[in-house]
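Single-letter residue listing:
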Amino acid sequence: MTFGYLLTLLVNGLVIGAFYALLAMGLSLIFGVLEIVNFAHGEFYMLGALAALLAINYLHLGYWTTIVTVTLAGACVGWLFHRALLGGLAGHSFERSLLLTLGLGMVLQNGALYIFTATPQIVRTQFGMSSILLVDVRLTWVRLFALVWAAVGLIGLYLLLYRTRIGQAMRAVAENREAALIVGIRPERVARLAVMAGIALCFMSGAALAPVYVVTPTMGLIFAFKSFAIVVIGGFGSIGGAALAALSLGVIEALVGGTMSLVLADAVAFVAMILVLLFRPLGLFGTGVRI
Amino acid sequence: MRCVLPCLLTMLLAGTAAAEEPIRIGASEPMTGTAAVFGEQAKWGIELALSEINAAGGVLGRKLELVVEDNRCNPAEAAKAVTKLIDENKVVTVIGALCSSATLATMPLIARAQIPLVVTNSTAASIAQLSGIGGNPWVFKTNPADDTMAQALVEHLKKEGVKTLAYMAEDTDYGRGGVQGFAEAAAKAGIKSLPPEVFPQGTPDFSVLLAKIEAQKPDRIVGYFLRGDNDNIMRQVEAMQLKIPFTGRIDLHSAAMAMSPEYLKAGGLDHTTAINPYQPDWDDPKNLAFVEKFKKATGHAPLQMGLYEYEATYVLVEAIKRAGSTDPKALQAALKLTKYPSILGATIEFDDHNCAHNNALIQSIEGGVIKVIELSKT
Numbered sequence: 001m002t003f004g005y006l007l008t009l010l011v012n013g014l015v016i017g018a019f020y021a022l023l024a025m026g027l028s029l030i031f032g033v034l035e036i037v038n039f040a041h042g043e044f045y046m047l048g049a050l051a052a053l054l055a056i057n058y059l060h061l062g063y064w065t066t067i068v069t070v071t072l073a074g075a076c077v078g079w080l081f082h083r084a085l086l087g088g089l090a091g092h093s094f095e096r097s098l099l100l101t102l103g104l105g106m107v108l109q110n111g112a113l114y115i116f117t118a119t120p121q122i123v124r125t126q127f128g129m130s131s132i133l134l135v136d137v138r139l140t141w142v143r144l145f146a147l148v149w150a151a152v153g154l155i156g157l158y159l160l161l162y163r164t165r166i167g168q169a170m171r172a173v174a175e176n177r178e179a180a181l182i183v184g185i186r187p188e189r190v191a192r193l194a195v196m197a198g199i200a201l202c203f204m205s206g207a208a209l210a211p212v213y214v215v216t217p218t219m220g221l222i223f224a225f226k227s228f229a230i231v232v233i234g235g236f237g238s239i240g241g242a243a244l245a246a247l248s249l250g251v252i253e254a255l256v257g258g259t260m261s262l263v264l265a266d267a268v269a270f271v272a273m274i275l276v277l278l279f280r281p282l283g284l285f286g287t288g289v290r291i
Numbered sequence: 001m002r003c004v005l006p007c008l009l010t011m012l013l014a015g016t017a018a019a020e021e022p023i024r025i026g027a028s029e030p031m032t033g034t035a036a037v038f039g040e041q042a043k044w045g046i047e048l049a050l051s052e053i054n055a056a057g058g059v060l061g062r063k064l065e066l067v068v069e070d071n072r073c074n075p076a077e078a079a080k081a082v083t084k085l086i087d088e089n090k091v092v093t094v095i096g097a098l099c100s101s102a103t104l105a106t107m108p109l110i111a112r113a114q115i116p117l118v119v120t121n122s123t124a125a126s127i128a129q130l131s132g133i134g135g136n137p138w139v140f141k142t143n144p145a146d147d148t149m150a151q152a153l154v155e156h157l158k159k160e161g162v163k164t165l166a167y168m169a170e171d172t173d174y175g176r177g178g179v180q181g182f183a184e185a186a187a188k189a190g191i192k193s194l195p196p197e198v199f200p201q202g203t204p205d206f207s208v209l210l211a212k213i214e215a216q217k218p219d220r221i222v223g224y225f226l227r228g229d230n231d232n233i234m235r236q237v238e239a240m241q242l243k244i245p246f247t248g249r250i251d252l253h254s255a256a257m258a259m260s261p262e263y264l265k266a267g268g269l270d271h272t273t274a275i276n277p278y279q280p281d282w283d284d285p286k287n288l289a290f291v292e293k294f295k296k297a298t299g300h301a302p303l304q305m306g307l308y309e310y311e312a313t314y315v316l317v318e319a320i321k322r323a324g325s326t327d328p329k330a331l332q333a334a335l336k337l338t339k340y341p342s343i344l345g346a347t348i349e350f351d352d353h354n355c356a357h358n359n360a361l362i363q364s365i366e367g368g369v370i371k372v373i374e375l376s377k378t
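Quick mapping for you: the protein sequence lines, in order, are chains A and B.
Taking the working numbering as reference, the numbering of the first sequence is continuous, increasing by one, and the terminal residue is 291.
Taking the working numbering as reference, the numbering of the second sequence is continuous, increasing by one, and the terminal residue is 378.
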């Protein structure tokens, strides 16, 4: 294995890991604050990509405008999602939230199939497929920008959680809902913002990756499954844990895929998940589950 | 009293039936479900041939009539469809059943009824093994199987000086089976095969896999994957500027469409080759005339199914003519003597396993343009 090849694997692994992280952190955030596992998470990622497709291919918006617009649209969709569906469920019934989000995922996916068909669609930005050579690794601009967006998302979420009062409130609700209520935090508001942030991250991931891959209604499946595994590995509700688990998984998958086989690489996430459940049921960074 | 007119008509018709009754040809095709596009093409192909033959006066002084039954590309439905065609519709022969699994379910019922079945679009190798000598003598197949097409393509690659092949396949029977067959053909021709790279359908990122293949420096990448993955792979090939041509069962049109026009024009996909039983854009005058005719009759360009079922219908009708009757035994013997010139340039004639070996088209992309470069006997 040459140095250039190893570098290629590492860089590709980091790019994929960064997006696993964006999705997994949103998932973890929503779970932490609402105690709802959002099984429609992958479909929101797909919706983000479809929105980027519409914006770039049909409305002829530029790349930067598109991603900012789609991310904001994601926040609006998140608001609606919370208002219409999740708001009444928070903390009440796990089964109900499970059926609701699973069902919503199916409706979104099959609705997209109905409207856009299963034919893969290609998003062509003004950057096309032009690329630069970094040491030995050829990266297209859109892939490089995707990495930048992932970093923006990660840092943005970190700042929101650890540098703002509302972020502090989110962490407080995630840590202890009752105590948060006692000190006067309104869980409704906090939950709404958590869902908005989580879905906005989904949309941003979808929009940033749409020009890198192809857009299909089923594109969310694999990313969503991996995100679930990552959240379990990182510890449910632990946002930092999810980010770390996601980045490591991206790199490990790339190394396994590059030296062994891609089919095996797909198994890594789930083997790791099973091992974590066996030996550290709370996840690597999980701190405990409230009753 | 309401019955009088229809009854009278029936009696009248019955009197003349012996001379005028049309010869019924059955078709078992997937008319609904995911393969319906192909079933429809098949039906169009047969209808076009029958309308031409009927316009020219039919055969043995009788007109020909088509009865289509929907098999939904499903073995159980296929058994039902063929039973209905034989028992209720009294067809003299059946064309179909398109999907390999449906064809395999149809074959024993055909053997029991003892009428010929002409298979035109099923590729499973077991169909040929089960037909003709030592097997089911009533089954005749006109399309090439996957393994023979792989051999033909490998011969062509050898002429291009290819020494090492890499493989990319989806993790299904189609992908794994296709790659295995291709690697066997390559081994016989003395071409080296790298271990195949198999990936689950719908994999988003191929950068790692492509980097791995690039590092091994093969001459060609043999691809066995469907449309959904094709576009994603081709985009990432362009992103990496991977200068290794593809080959195998690549859909050249989808591959070219997924690339940016500039990259394609600059020769990004040049020397990529593929083998297919038929492509409508082959610029041969006989083919262009057929495409024109097909479009006029149906409003659509023919696919492989359209042409193969069209020619199979002619093969059948010529056999009826040669047999001088619709007696199944005579028809079967007459089919054995078939020599029908296909527009693909070969003669359709059946070997010991009742399989015809028509030409397949090898296409290549040169300067960003898709061309048929060779007709290859399969």
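The hints are simulated quantities; they were obtained by calculation from the structure and are not laboratory data.
In this text, a Cβ means the ideal position worked out from N, Cα and C, and glycines have one as well.
Mixed in with the good hints, there may be bad ones.
[To be verified] Distance ranges between label pairs, derived from CB positions: (1) A:281 x B:155: 55 to 61 Å; (2) A:99 x B:90: 49 to 55 Å; (3) B:184 x A:162: 19 to 25 Å.
[Stated by the list, open to error] One-sided and incomplete, this derived list gives chain A residues near chain B with beta-carbon spacing under 8 Å: (4) 8; (5) 12; (6) 16; (7) 118; (8) 122; (9) 129; (10) 140; (11) 143; (12) 213; (13) 214; (14) 219; (15) 222; (16) 223; (17) 266.
[What the hints assert, rightly or not] Partner residues are not named here, just some residues of chain B that face chain A (Cβ under 7 Å, in silico): (18) 77; (19) 79; (20) 196; (21) 199; (22) 218.
Violations among the numbered hints, reported as their numbers in ascending order:
Result: hints 3, 18, 19, 20, 22 break, sorted rising.
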